[in-house]
Amino acid sequence: MGNVDTHFLGWGTNDSNQLGLKPTSKYMKDQTKPVFITSLPKNYFVRQIDAGPNHVAVVAEHNKRFSVFTWGNSSFGQLGHGNTKTILTPTPVNMLKAKKIIQVACGKAHTLALSKTGKVFAFGRGEDGELGLGDLDAYNTPQQITHLDDLGVIAISAGESHSAAVTSKGKLFTWGGGFNDILGHGKNHEAPFPRVVESLLDEFVKQVSCGSSHTLVLCKSGNVYSWGFGSDGQLGLGHFKNENVPRKIESLSQTRISYISAGFKHSAAISAVGDVFTFGHGKFGQLGHGNNKSIGEPMLIEGIDSKIFKISCGKGHTIAIARDKSVYVWGSSGNGQLGLGTKKPINVPKKVAKQKVQINQICCKSNFSFALTTNPILSKPLQGGGELPERAFFRVQKQETNEEEDEEKIKRKKKDKKSRRKRRKKLKVPLTEAMLGGEGNFNDTPPEAYLCDLTGKLMKNPVTLSGDGFTYDHDAIEEWLKSHNTSPKTNQVLTSQILIQNHNLRSQIKNSKFWKED
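Position 27 (the sequence shown) corresponds to 27 in UniProt numbering; numbering is contiguous.
To be clear, the hints were calculated from the coordinates, so they are not data collected in a lab. Possibly wrong hints are sitting among the right ones.
Stated by the list, open to error - Derived lysine to aspartate or glutamate pairs resembling EDC-like cross-links, with alpha carbons at most 16 Å apart:
(1) Lys-171 - Asp-150
(2) Lys-457 - Asp-475
(3) Lys-310 - Asp-275
(4) Lys-169 - Asp-149
(5) Lys-119 - Asp-150
(6) Lys-119 - Asp-149
(7) Lys-42 - Asp-30
(8) Lys-169 - Asp-202
(9) Lys-293 - Asp-232
(10) Lys-171 - Glu-198
(11) Lys-351 - Asp-305
(12) Lys-489 - Glu-448
(13) Lys-241 - Glu-297
(14) Lys-460 - Glu-517
(15) Lys-325 - Glu-478
(16) Lys-307 - Asp-475
(17) Lys-457 - Asp-473
(18) Lys-171 - Asp-149
(19) Lys-489 - Asp-453
(20) Lys-307 - Glu-479
(21) Lys-351 - Glu-302
(22) Lys-116 - Asp-149
Please model the complete structure; the sequences and the hints are all you need to start from.
Laid out in structure tokens, this is it:
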């Protein structure tokens, strides 16, 4: 995941403070523009997000240690705090503090947590077996799913009342309620504990995405499979009926798919070249095809002029991140979940105003959305939440401030800031390069920190790979990830493939004597 500072943003419905903002009348309502979520403890940086309709879980890092924070409705104990009380702001799950959790997944009323060592914990509602503990009880504290202990789980996902896990050997396990054929084990087959999906044993599963009542799987072969509830075409199989075992989406077999997302009743797939295909329920324009029709087969979205690499499907809206850092939104906005400052729906992808921040992760859930960005956009975050300044992310109003400064004080601050910037610029490069073995010690060979481990060449655009924390040249690691799901450095399976720009290192390289313009 890497030790990179992140900013945590949210927008959309917030009647129950799903966004985790300061619980005041100003924020306990729909937020149609992105707002900072600053209610986590100081110096805790969110690394991963998931949410159910009424509760949220995040993995946050502090001094290279990971903690899980949850908030929202806890009527079944899905927050993991040992009770069923609703909590309005992010609160640490104490029983997971020493577990080194790297991923969380939220169903309608249950939560899963995956540790770095491959252990999976579950808590919340269990009456359909979605906790995988072998019984149908609810638990308000994290319980280890012992059936998965020795399988080396590397990824998890949760639907409304079913759950899934992928192992390091590419096997898929599912458990929970069997209605609507959502587990892939056969007609209405229920499983109160994890069971391998047998019809996929000949495939190597790379990614699983659980929708509300359907499931998508992406395999190393490039094949995409779907099963479960299909009455809105969300399975992409050319019909509108359920499937009780995995079926290959044949219409995608000639296209190499690199990423999938299953929403409430619609689905999306991204090709290796950045094209987007959507299918399923389209009543709110969430498919992005310029109409409100549901379709039963993957259809290419026209009009996106950027290469997409991540996408997230909510209940009736969709948000995608492009390789050039641009963001596209479309679908329902009845609660402001598109983040555009309006509640008008959009049935074609809308490219939001050019932002000066890098969006690394998007999470669309129900009628609200979250995002993570790594660029510093406010020197002093607002308490409990505050609107982003106009130059950042979506084009929104400037942040509010309570400070009253006279003109002379403002001028003095600007002058001091300019002076500090000059001093930093004068000192920064020689000191940094001397420590790295660059110009400061008169070495004619670029320091190792400047070289890409994949190519051995000077990096032009260094990025940090979230799954292993190492830095590579952007083009080299992107090419690697097209055919590998392992780290080039450790050879371990990657649980995350987000590329985070390393602006500081790029600045150092560009200001060194080794930099040459192309």
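Structure-based check of each hint:
1. Lys-171 - Asp-150: At roughly 13 Å apart (the allowed maximum being 16 Å), Asp-150 and Lys-171 satisfy the hint.
2. Lys-457 - Asp-475: 12 Å, holds
3. Lys-310 - Asp-275: Given pair Lys-310, Asp-275 holds - Cα atoms ~11 Å apart, limit 16 Å.
4. Lys-169 - Asp-149: 14 Å, holds
5. Lys-119 - Asp-150: 8 Å, holds
6. Lys-119 - Asp-149: 6 Å, holds
7. Lys-42 - Asp-30: It is violated: about 26 Å lies between the C-alpha atoms, which goes past 16 Å.
8. Lys-169 - Asp-202: Roughly 11 Å between the alpha carbons, so the hint for Lys-169 and Asp-202 holds.
9. Lys-293 - Asp-232: 10 Å, holds
10. Lys-171 - Glu-198: 9 Å, holds
11. Lys-351 - Asp-305: 9 Å, holds
12. Lys-489 - Glu-448: Measuring from Cα to Cα gives roughly 14 Å; hence the hint holds.
13. Lys-241 - Glu-297: Answer holds: Lys-241 to Glu-297 is near 12 Å, not above 16 Å.
14. Lys-460 - Glu-517: 9 Å, holds
15. Lys-325 - Glu-478: With Cα atoms ~14 Å apart, Lys-325 and Glu-478 stay inside 16 Å; holds.
16. Lys-307 - Asp-475: 14 Å, holds
17. Lys-457 - Asp-473: 9 Å, holds
18. Lys-171 - Asp-149: Given that 16 Å is the threshold and the Cα spacing comes to 14 Å, the pair holds.
19. Lys-489 - Asp-453: 8 Å, holds
20. Lys-307 - Glu-479: 14 Å, holds
21. Lys-351 - Glu-302: Status holds; Cα separation ~13 Å.
22. Lys-116 - Asp-149: Holds, at about 12 Å.
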